[in-house]
Amino acid sequence: MHFELDPELQAFREEVRAFVRDNLPEDMKARQMAAGSIFCSHDDERAWAKILAKKGWQVYSWPVELGGCGWNAMKSFVFEDELYKGFAPPLSFNTLHMIGPIIYKLGSQEQKDHFLPLMRHGDVSWAQGFSEPGSGSDLASLRTRADLVGDKYVINGQKIWTSGAHEADWGFFLVKTDTTCKPQLGMSFLLVDMKTPGITVRTIPQINNDEHHLCEVFLENVEVPAGNLIGEAGKGWTYAKMLLEGERTGSSYIFWNKREMRRLLDMARAEKLNGNPIAQDPAFRARLAAIQAELTALEWSVLRVLADEEFTYGTAAASSVLKVRGSELQHAITEAQVDLIGEKSLRVYSVHDLLSDAGTLWPDHVVNRTNMALLTRAATIFGGAKQVQKNIIAKAAFGL
Amino acid sequence: MDFNYSDMQQMLLDSAGKLIADTYTLEDIRHQRTIANGLNEKNWAQFAELGWLALPIPEDAGGLGCGLEDVVVLSTALGRGLAVEPYVSTVVVGGHIVGALADEDARNALLGQVATGAARIALAHGEPGERFGDGGARSTQAVPSGNGFALTGRKMLVLDAPSATHIIVSATLDDGSMGLFLAPRDASGISDESYALVDGAAASDLFLDGVQVDAGALIASGSAAETLLSEASDRAAIALMAQAVGAMEGCNDVSAEYIKERKQFGQPIGKFQALQHIMADMFVSTHQARSMVYYALAHLDASPEDRQAAVSAAKVLVGTAAQLVSRSGIQLHGGYGVTDEYIVSHYYRRLLALEKLFGDIDHHVRRLAVHMFDRADA
Numbered sequence: 001m002h003f004e005l006d007p008e009l010q011a012f013r014e015e016v017r018a019f020v021r022d023n024l025p026e027d028m029k030a031r032q033m034a035a036g037s038i039f040c041s042h043d044d045e046r047a048w049a050k051i052l053a054k055k056g057w058q059v060y061s062w063p064v065e066l067g068g069c070g071w072n073a074m075k076s077f078v079f080e081d082e083l084y085k086g087f088a089p090p091l092s093f094n095t096l097h098m099i100g101p102i103i104y105k106l107g108s109q110e111q112k113d114h115f116l117p118l119m120r121h122g123d124v125s126w127a128q129g130f131s132e133p134g135s136g137s138d139l140a141s142l143r144t145r146a147d148l149v150g151d152k153y154v155i156n157g158q159k160i161w162t163s164g165a166h167e168a169d170w171g172f173f174l175v176k177t178d179t180t181c182k183p184q185l186g187m188s189f190l191l192v193d194m195k196t197p198g199i200t201v202r203t204i205p206q207i208n209n210d211e212h213h214l215c216e217v218f219l220e221n222v223e224v225p226a227g228n229l230i231g232e233a234g235k236g237w238t239y240a241k242m243l244l245e246g247e248r249t250g251s252s253y254i255f256w257n258k259r260e261m262r263r264l265l266d267m268a269r270a271e272k273l274n275g276n277p278i279a280q281d282p283a284f285r286a287r288l289a290a291i292q293a294e295l296t297a298l299e300w301s302v303l304r305v306l307a308d309e310e311f312t313y314g315t316a317a318a319s320s321v322l323k324v325r326g327s328e329l330q331h332a333i334t335e336a337q338v339d340l341i342g343e344k345s346l347r348v349y350s351v352h353d354l355l356s357d358a359g360t361l362w363p364d365h366v367v368n369r370t371n372m373a374l375l376t377r378a379a380t381i382f383g384g385a386k387q388v389q390k391n392i393i394a395k396a397a398f399g400l
Numbered sequence: 001m002d003f004n005y006s007d008m009q010q011m012l013l014d015s016a017g018k019l020i021a022d023t024y025t026l027e028d029i030r031h032q033r034t035i036a037n038g039l040n041e042k043n044w045a046q047f048a049e050l051g052w053l054a055l056p057i058p059e060d061a062g063g064l065g066c067g068l069e070d071v072v073v074l075s076t077a078l079g080r081g082l083a084v085e086p087y088v089s090t091v092v093v094g095g096h097i098v099g100a101l102a103d104e105d106a107r108n109a110l111l112g113q114v115a116t117g118a119a120r121i122a123l124a125h126g127e128p129g130e131r132f133g134d135g136g137a138r139s140t141q142a143v144p145s146g147n148g149f150a151l152t153g154r155k156m157l158v159l160d161a162p163s164a165t166h167i168i169v170s171a172t173l174d175d176g177s178m179g180l181f182l183a184p185r186d187a188s189g190i191s192d193e194s195y196a197l198v199d200g201a202a203a204s205d206l207f208l209d210g211v212q213v214d215a216g217a218l219i220a221s222g223s224a225a226e227t228l229l230s231e232a233s234d235r236a237a238i239a240l241m242a243q244a245v246g247a248m249e250g251c252n253d254v255s256a257e258y259i260k261e262r263k264q265f266g267q268p269i270g271k272f273q274a275l276q277h278i279m280a281d282m283f284v285s286t287h288q289a290r291s292m293v294y295y296a297l298a299h300l301d302a303s304p305e306d307r308q309a310a311v312s313a314a315k316v317l318v319g320t321a322a323q324l325v326s327r328s329g330i331q332l333h334g335g336y337g338v339t340d341e342y343i344v345s346h347y348y349r350r351l352l353a354l355e356k357l358f359g360d361i362d363h364h365v366r367r368l369a370v371h372m373f374d375r376a377d378a
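As they're listed, the protein sequences go chains A and B.
Per the UniProt record's numbering, residue 1 is the first one in the first sequence, and the count goes up by one each step.
Per the UniProt record's numbering, residue 1 is the first one in the second sequence, and the count goes up by one each step.
Keep in mind that a hint or two might mislead.
Derived DSS-like pairs: lysine-lysine, alpha-carbon spacing no greater than 30 Å straight-line [unchecked claim]:
1) A:K272 / A:K241
2) B:K18 / A:K395
3) B:K271 / A:K241
4) A:K182 / A:K105
5) A:K182 / A:K386
6) A:K235 / A:K195
7) A:K395 / A:K176
8) B:K263 / A:K386
9) A:K258 / A:K386
10) A:K85 / A:K50
11) A:K75 / A:K85
12) A:K344 / A:K85
13) A:K176 / A:K195
14) A:K54 / A:K29
15) A:K182 / B:K271
16) A:K386 / B:K260
17) A:K105 / A:K75
18) A:K386 / B:K271
19) A:K235 / A:K182
20) A:K395 / B:K260
21) B:K263 / A:K395
22) A:K344 / A:K272
23) A:K395 / B:K271
24) A:K241 / A:K258
25) A:K258 / A:K85
26) A:K55 / A:K258
27) A:K241 / B:K260
Distance ranges between label pairs, derived from CB positions [as the list claims (entries may be wrong)]:
28) A:D6 / B:E193: 51 to 59 Å
29) A:D364 / B:V143: 55 to 63 Å
30) B:R131 / A:G314: 35 to 43 Å
31) A:N72 / B:E226: 37 to 45 Å
32) A:G314 / B:G148: 56 to 64 Å
33) A:S137 / B:A196: 47 to 55 Å
Hints listed in this document are in silico derivations from the structure and should not be mistaken for laboratory results.
All C-beta atoms, glycine included, are put in the ideal place defined by N, C-alpha and C.
Whole structure, please, built from the sequences with the hints as guidance.
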């Protein structure tokens, strides 16, 4: 048992910090500082990916021979921590942790040759088609089907909550290729060109009354070459589970939580209550101190997973803890940001507004705080609702 | 970073687990409160025999020279067993402060006695009218007298004093600074009112009336004494938080076992999702609490400010977790949870004590907030 970080990591941290300082375009940074979402615009994601690709950092988590950096978990942690700290656009979770690994682990040679270079250079964006109107937490119940007709799959059905589908080049869809067997055995992964005839994408207006990235995707007789199947037909469920198990700490949103906590503390120093900084108000101090303690616990629970602690109760329970507390913290932090600015939280800003658009009489830090708090309500819902995580924990930890 | 136990730590944990299983049954725990001075001599002798009392004591004083992380590993087992032996008072607090005694012979002799179980030490710091020693300068006075000092004052809630052989007394010196003094518990001029605590431990209020100590009894003064006390308190807090984690894990296990067996409406109540989610919440809190013990431990050698902030953040989170776990444990046990005959009520009482000792949640929330908002370098 020892808790020292490799001393080389401090030098690496400074290297990443300097890279962000020198290479992140000012306008891009300004947009991130104002919006602060866990998502960013399609254009910023692509442009930043290109900058990272030039440095060789775009697909850092991939195997070295495919363009990855070969960093261990702790080094990767420091890397992402610094990107968030510097208000860089979020990396593409799909490329790094979902469709990237699917293709390099399970894809055909043709798929690898085509897609891996595109992803490595930041030249392709993806939509993840898992959820359906009737299949949220209960993914096994999905109904979108793909029938093999000659050398093509014909897809019919509907996907929902498909982030960025309106701007994506490609989609990776979980579909039913066999309806006669147990649901988990009849699923397959298909790669779908989003320009294929028969695909209709509708963006879903969201709670923040503003631009949106969540979509519905309607698939009507969409013909996809059989060669777009990933791995074997009927193995989709197994592949999906494998992916989710491989990515153990992402659901904590630890880097985002840390950055937004820093923003929260800065706001507490700037906002006034009875003429004094709110940072001097006992009630707010106590509230923020309690959040800080939870945030620290989350970070150290992430480190325990990354350092491969041998849990007596299995890593699944430890990962679900990260999802439960990570999402609760996203709520706690954004709620506190809104409460800190009092009635100033009521003014509507566009997600495109910058801090400098606050308004003549308005402090910069109010811009988009309410937008973020509204959007963050989804944190305890997506990626396995909090209550589903608790079911997992009760079973894994106590056999209930 | 490596969060896994070393072979030695695993052995320590295994041997502790075995002793705890044999020696800390519900009957033993219920018997504890009938011991007048709070010390189960038989258990204490076992602690000594197994080398636990020697764990963090320096090797040249007859100890094993282990780090606080080993104490933490052992403490999780002690916490699970609801052991209220004066381990932290004697070994962690006493051992650390006595380690600063200038006279090497006297220092090694006393630490050697700690390691063999012959000596037990209690810290007499708190006074009436304050909480967690937050009252500033001590009212207890140390006046030069003969070749040493005369100590006069009142000390409140001196944990484990009834069974102690020595006490460490904080007192204000002539120059207004604080001194830490070592005195035999049975020194002339000390009277006491002793009582039991809610978890089966015992404490005393001590009345010092011109207690004569020689010059060598002054362990440290001024900023050195403040530093020593702060270090010892933070170490104690970490060891007690580790006990709390062990107690929470124990409480979770007995609660899960109970709801699997208890039947209502024709099925085990553990089948009900409402109760499963309570257990999941208990698990999440306990898991996070263990992370915070590691976090605090990792800051043991940081700057005093950073160490204190880390301990405070940990105390806030562990205390809050202890409350959720112990309260939920009772709820899951229904009416049986509020009886003395089910161990969950003992977990509740111990976790209450562990939350309060060395600063409760509110105390550490305030200290953490000072670190977050008021530090010049923040």
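ask   = Looking at the structure, which of the earlier hints fail to hold?
value = 1
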